[in-house]
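Going down the list, the sequences are from chains Z and W. Sequential numbering of the first sequence, starting at 1, is according to this note's numbering. Sequential numbering of the second sequence, starting at 231, is according to this note's numbering.
The hints are simulated quantities; they were obtained by calculation from the structure and are not laboratory data. Misleading hints may appear alongside valid ones.
To be verified - Pairs of lysine to aspartate or glutamate residues, derived as EDC-like cross-links and limited to a Cα-Cα distance of at most 16 Å, are as follows:
hint, chain 1, residue 1, chain 2, residue 2
1, Z, Lys125, W, Asp323
2, Z, Lys181, W, Glu365
3, W, Lys355, Z, Glu94
4, W, Lys402, Z, Asp218
5, Z, Lys181, Z, Asp166
6, W, Lys355, Z, Asp93
7, Z, Lys125, W, Glu324
8, W, Lys411, W, Asp396
9, Z, Lys172, W, Glu447
10, Z, Lys172, W, Asp448
11, W, Lys411, Z, Glu135
12, W, Lys402, Z, Glu217
Unchecked claim - Under 10 Å between C-beta atoms, here's a sample of chain W residues computed to sit facing chain Z:
hint, residue
13, Pro284
14, Gly287
15, Glu316
16, Phe321
17, Val375
18, Glu392
19, Leu394
20, His420
21, Leu441
22, Leu445
Even for Gly, the Cβ is constructed at its ideal location relative to N, Cα and C.
There are 2 protein chains.
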Amino acid sequence: MTHTLPEGFDHCDPLQQALYTTLFTRRDVRSQFLPDAIPDEVLARLLTAAHYAPSVGFMQPWNFILVRDPATRQSLHSAFMDAHLEAATMFPDEQRDKYQRLKLAGILDAPLSLCITCDRERAGKVVLGRTHMPEMDLYSTVCAVQNLWLAARAEGIGMGWESLFDPEQLRKLLHMPANAKPIAILCLGHVNAFYPKPMLELEGWASRQPLADMLYEDSWQNSIASITKD
Amino acid sequence: MTHTLPEGFDHCDPLQQALYTTLFTRRDVRSQFLPDAIPDEVLARLLTAAHYAPSVGFMQPWNFILVRDPATRQSLHSAFMDAHLEAATMFPDEQRDKYQRLKLAGILDAPLSLCITCDRERAGKVVLGRTHMPEMDLYSTVCAVQNLWLAARAEGIGMGWESLFDPEQLRKLLHMPANAKPIAILCLGHVNAFYPKPMLELEGWASRQPLADMLYEDSWQNSIASITKD
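Make the full structure from the sequences, and use the hints.
Printed below as a string of structure tokens:
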């Protein structure tokens with residue numbers, strides 16, 4: 001994993017540089033997948049990384065459904081394509097052509113699909129830290145997704161988060177109970193390359209915004225830009 | 231950051247070990263804070279780490295409100311305590327005493343509070359990848375929180391995610407517009423120690439569940455435990 005860290009990161013110690021390099025080179029991968037299976041010991045590390053995510057009230061609300069069966073993966077792909085075609089109709093004319101040319105489907109390209117779910121009832125009715133923000137269990141599960149994503153990158157494994165699905169269709173396909181909410185469908189596999197920048201940036205769909213424009217101090221009324229220089 | 235990685239991680243290369251060590255030693259910190267201010271260059275790295283999180287449709291929906299003003303931090307603390315007292319009444323009797331003895335408030339202990347928000351309208355009405363799961367922008371913002379958390383750990387800075395707030399009270403306190411949803415209030419600062427395990431585990435509030443019980447293959451009907459051994 002070679003990557004030149006930007007100014008401000010070049011004097012960090014090697015452990016910090018390792019983390020930052022992983023953060024900055026992580027990509028949402030939809031192509032470049034190789035067919036080789038992910039070894040069980042690597043997969044175990046990725047799942048363990050996810051399982052050590054923070055969770056509200058130490059609720060650990062996640063489950064992991066590994067999808068390897070070809071017929072099930074074909075059904076997932078079909079569900080993805082249904083949603084993708086529907087989505088295309090929602091864009092204004094000038095964006096639709098570009099949208100349709102983007103490579104978004106990754107399920108059939110990658111050797112493994114993984115669904116990460118949130119069990120909304122795992123810890124009973126009252127959960128510490130979730131009393132005023134009931135969605136905190138969903139957020140905990142997203143932290144597990146991000147942990148897994150970073151571990152995958154460090155292992156040289158590409159991951160894509162396929163968020164185009166209709167969640168109800170996913171629930172039926174994978175026979176999930178009503179208390180389990182699908183949070184993410186991921187495609188995972190070794191890759192022949194990681195893009196140097198996000199694919200949507202390279203394709204001109206959107207560009208990275210200046211961090212300085214996103215900073216406030218003490219109030220949304222008080223914009224600041226002093227502590228960052230990008 | 232010394233930490234013995236578990237079996238299965240001990241043969242990873244040094245970059246991978248650095249990431250896994252950061253993941254496994256990250257804690258939700260509410261005490262142990264030192265009063266020293268976080269240097270600007272460190273804070274800039276943490277915010278940059280957050281800003282390089284994945285986001286649906288490359289939407290980058292986050293904003294960051296640094297809260298340093300003592301009066302505003304006192305108001306945040308009061309809002310936290312209001313919600314904390316309300317929360318205590320929700321627990322059954324046998325849990326309430328224990329709940330009230332836990333150290334959950336961290337705002338006044340840490341030198342910096344940070345609110346991370348999600349602008350639900352940042353990229354217009356139709357956002358690539360968010361057409362069937364409108365909450366994907368919230369999930370993107372959570373990825374930014376987790377990136378910042380890991381960067382903080384690597385920098386030796388403790389972070390707590392204070393999720394007890396009433397979000398509407400937060401919005402008013404920090405003068406947030408209607409399109410911005412508060413996702414996380416964080417307390418941040420150098421610490422004199424990181425706990426060896428999550429505080430709620432050490433206090434006997436909850437224990438870590440076996441990952442093997444959380445795994446399925448191809449369907450929720452098909453539980454598996456073969457690829458992990460914990």
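Now for the hints, and whether the structure bears them out:
1. Z:Lys125 with W:Asp323: The given pair, whose Cα atoms are some 14 Å apart, holds under the 16 Å limit.
2. Z:Lys181 with W:Glu365: Judged against 16 Å, a Cα distance of about 12 Å means the pair holds.
3. W:Lys355 with Z:Glu94: 15 Å, holds
4. W:Lys402 with Z:Asp218: The hint holds at about 12 Å.
5. Z:Lys181 with Z:Asp166: Holds. Z:Lys181 to Z:Asp166 sits at ~12 Å (cutoff 16 Å).
6. W:Lys355 with Z:Asp93: Given pair W:Lys355, Z:Asp93 holds - Cα atoms ~14 Å apart, limit 16 Å.
7. Z:Lys125 with W:Glu324: Holds. Z:Lys125 to W:Glu324 sits at ~15 Å (cutoff 16 Å).
8. W:Lys411 with W:Asp396: 12 Å, holds
9. Z:Lys172 with W:Glu447: OK: Z:Lys172 and W:Glu447 at ~15 Å, within 16 Å.
10. Z:Lys172 with W:Asp448: 12 Å, holds
11. W:Lys411 with Z:Glu135: 12 Å, holds
12. W:Lys402 with Z:Glu217: 15 Å, holds
13. Pro284: 6 Å, holds
14. Gly287: 7 Å, holds
15. Glu316: 7 Å, holds
16. Phe321: 5 Å, holds
17. Val375: Given a least distance of 7 Å, the restraint on W:Val375 holds.
18. Glu392: 8 Å, holds
19. Leu394: 6 Å, holds
20. His420: With Cβ-Cβ at 15 Å, over 10 Å, it is violated.
21. Leu441: Since chain Z brings a Cβ to about 5 Å from W:Leu441, closer than 10 Å, the hint holds.
22. Leu445: Since the shortest Cβ distance to chain Z is 5 Å, the answer is holds.
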